[in-house]
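Visitor: Going down the list, the protein sequences come from chains A and B.
Note that my numbering has the first sequence beginning at 1, numbered continuously upward.
Note that my numbering has the second sequence beginning at 1001, numbered continuously upward.
Keep in mind the hints are simulated off the structure, nothing from the lab.
Be aware that a few hints might be false.
[Stated by the list, open to error] Derived PhoX-like pairs: lysine-lysine, alpha-carbon spacing no greater than 25 Å straight-line:
{"id": "1", "chain 1": "B", "residue 1": "Lys1460", "chain 2": "B", "residue 2": "Lys1269"}
{"id": "2", "chain 1": "B", "residue 1": "Lys1240", "chain 2": "A", "residue 2": "Lys161"}
{"id": "3", "chain 1": "A", "residue 1": "Lys49", "chain 2": "B", "residue 2": "Lys1428"}
{"id": "4", "chain 1": "A", "residue 1": "Lys428", "chain 2": "B", "residue 2": "Lys1428"}
Protein chains: 2
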Amino acid sequence: MRRSILASALLLCVSMPLQAASPTTIPDAALTTAATLRQQALADDTGWKITESLTTEVGPRLAGSQADARAVAWAQAKFKELGFDKVWTEPVTFPRWERRSEHAQVLGEHAQSLVVTALGGSAGGTIEGEIVRFPDLAALQAAPAGSLTGKIAFVDFQMHKKRDGGDYRYGGGIRGRGPSEAIKKGAIGFLMRSAGTTPHRVVNTGMTRYEEGLTPIPAAAMSIPDADQLERLLALGPVKVRLALDCGWDGEATSYNVIGEITGRSKPKEIVLTGGHLDSWDLGTGAIDDAAGVGIAMAAAHLVAQQHPARTLRVVAFANEEQGLYGGRAYAKAHASEIKQHVIAAESDFGAGHVYAFNSNAPASAKGAIEAIAGALKPLDVAYTPDQGDPESDIGAMAQLGMTWAWLGHDGTDYFDLHHNADDTLDKIDPKDLAQNVAAYAVFLYLASEAKGDFGSAPKAAGSEKGAH
Amino acid sequence: MRRSILASALLLCVSMPLQAASPTTIPDAALTTAATLRQQALADDTGWKITESLTTEVGPRLAGSQADARAVAWAQAKFKELGFDKVWTEPVTFPRWERRSEHAQVLGEHAQSLVVTALGGSAGGTIEGEIVRFPDLAALQAAPAGSLTGKIAFVDFQMHKKRDGGDYRYGGGIRGRGPSEAIKKGAIGFLMRSAGTTPHRVVNTGMTRYEEGLTPIPAAAMSIPDADQLERLLALGPVKVRLALDCGWDGEATSYNVIGEITGRSKPKEIVLTGGHLDSWDLGTGAIDDAAGVGIAMAAAHLVAQQHPARTLRVVAFANEEQGLYGGRAYAKAHASEIKQHVIAAESDFGAGHVYAFNSNAPASAKGAIEAIAGALKPLDVAYTPDQGDPESDIGAMAQLGMTWAWLGHDGTDYFDLHHNADDTLDKIDPKDLAQNVAAYAVFLYLASEAKGDFGSAPKAAGSEKGAH
């Protein structure tokens, strides 16, 4: 999941680090080695095998579940198997949410089932009410207070496919804030058209958040064909729906950020950070979200390790990204005093589509190095896009503290066909795209590790953390 | 559903009617009118509107369910609304099967859910057993007796896309006969890779039949990604699965063939028959299977009615095709003495893909008329294919009794992406293809109605009914 599209513009503005003293450069020898790595990676299936292993042997791994614990063990074992010389875990604690069952049914003369899934964090319960349709969140917000008393709000916004996944700002916004807005108008339940783009009858889940002081109501998404059907039924007259969700919070859970390191040959205390998140939603096997990210990061660092990079490569398999960036925030809390040592970071959490763009918020002093990395990425059909990008999800909190980020932008055209739904399975990943992803990360990790001079990571004043998730 | 692929070759051999006395011809004026009808139909959305109405207002309509009863009322009302001058029902009685819930779970160190659906007619129950994989039905049949005692048979055959849907003979065969074969080897449960071609996590249901004398076991299909996953897990070692199906038989139900007629202007007692089936499986809204068939037949007859055809057009919305051709068999029983009056028949039960082929089993005496109809279909990009085709599902029983059939072959390349699964919804139909389908049927119905001479329908000796379903 990529939560930070909204935040990216903000980060570009507020998180530009102070300029470093002298220009950072990439040695020519490193560029030559990077070209070799690039070719090696394109012919290598390590990324695929890691992704296959996680999605098969663990499968779905909802944060706090037994499968999540198995994923933590898997990640430790996989780091060791891949030759990472330091492997450890750091605890991440969060409230546990569980999905048990979910049903929705149109009542009355057109009685029929609807394919729905509870939003993460939804309250459980069974309700029956008349549907009131809103084309988007603004329309729901504009409804008079009390106008939905005893009714079910239905926000019927259709996301469209975009390379940068831009429509997710609307779809994700409806999911996050829609239920609270519905409660404020008196609604007893909330339904939304899936925040996705697939025409198949699978439903995109994802977290919702009830504003403090509101009494949570059952909140679910329905598949796009079901939303179309509900729209047609509403055109025939009033529609009453029964929504039955068995789900909810169940105490507290502790999971772990799993960390593997390839110690640097000459600057072991300087870290080039990468990673993905280890947890997934429960409906699919979390292949594009985010086994692929874990696979890309592990495989790229593993390949680069053969070249004995100068700086340490650190790969983090972050815990519980999906329910609120818990792993990324815990990491930032634990490593807040080490911003400068985190020379630069790039996370992969936007699927396994072709990496088409590269950028970093490194300061002008590092521009030469960034452009050199961009040049080494160009043969992979990656463009340098100095006005785009963001630090992805889990490294956002560290970026807020002043860590410099780089961005390797995946083509997200088809990402929301799969994101958070049952179709997020291994077969949806193109092995060639995944190898290109690994190649791009390997080039980045190696060159960032070999760069002479830094990328401007430096602690920022406290209180600038807003906008990170 | 098209159950009769296997039977088609047989029918071509055994059901050739006796030759009629004099050549049957199509008047030139009728061909001119057919050209007009063809153009009208391509620009007309009546077929779409009917299909939309049935899939929306009724939705899924499992035979014997409350929704099935609503579908019967819907069809009667729709015939009247479309100006059919005679509308009636004929009862069809059958055992009622219900699906209530279905779950499957890999147990042990790789614990995870599998997306499954009970096969129609499956026994309910919860079982746990080790998976034994077979690549196809023959391999299961070749297993030693008793070799599956306490285990779950998994038949892992993948259908491939074909224009004529030819792989369904294997996929459908596994579904129909696999559970019985598994029981004979001692299995306590049966799983199969979906008899379908979709890479999405929706599962194709459909009837299975337990051989007499065997004690039924729970039998389910799993989605293709889940079958892939199970295959990968089996490569890691033994896999134990819990299969929990709540489903089963619940007494007897009566539904109805719903029949609408446009009385012929000059030969009212001679019938040109068409139709589709009214029931559907419960997972989708039965759009391509077979609301489209009902929509095509109703719309084509409605359009032709404006030309006051010579013979009577009869459209049958058949009851309970899915669970054993009950409607088609009841129709044949009720109308067995009227074979000769059923001049020719063509049913639409293979989706709403482009009609690409035409054929009939009419005798040589009617070849001129059949070729003339083929000529009138050619501008719709329909080829005359004298060695292909069959009478489709519901008219098979009448064809066995001697009724001449025609075949308008739909492109089934994508049919098994949707057939019997949750994705069989209105949005999957291309309105342009549907209009072409209506145009093809309208041309056929009109010209068959205006033909001078018959198409060879004549009662056959009793006992030749085998092979019809």
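Visitor: With reference to the structure, classify each hint as holding or not holding.
Guide: A quick look at each hint next to the structure:
no. : hint                     : in the structure
1   : Lys1460(B) to Lys1269(B) : holds, 20 Å
2   : Lys1240(B) to Lys161(A)  : violated, 40 Å
3   : Lys49(A) to Lys1428(B)   : violated, 35 Å
4   : Lys428(A) to Lys1428(B)  : holds, 20 Å
Consistency note: the structure conflicts with the earlier hints numbered 2, 3.
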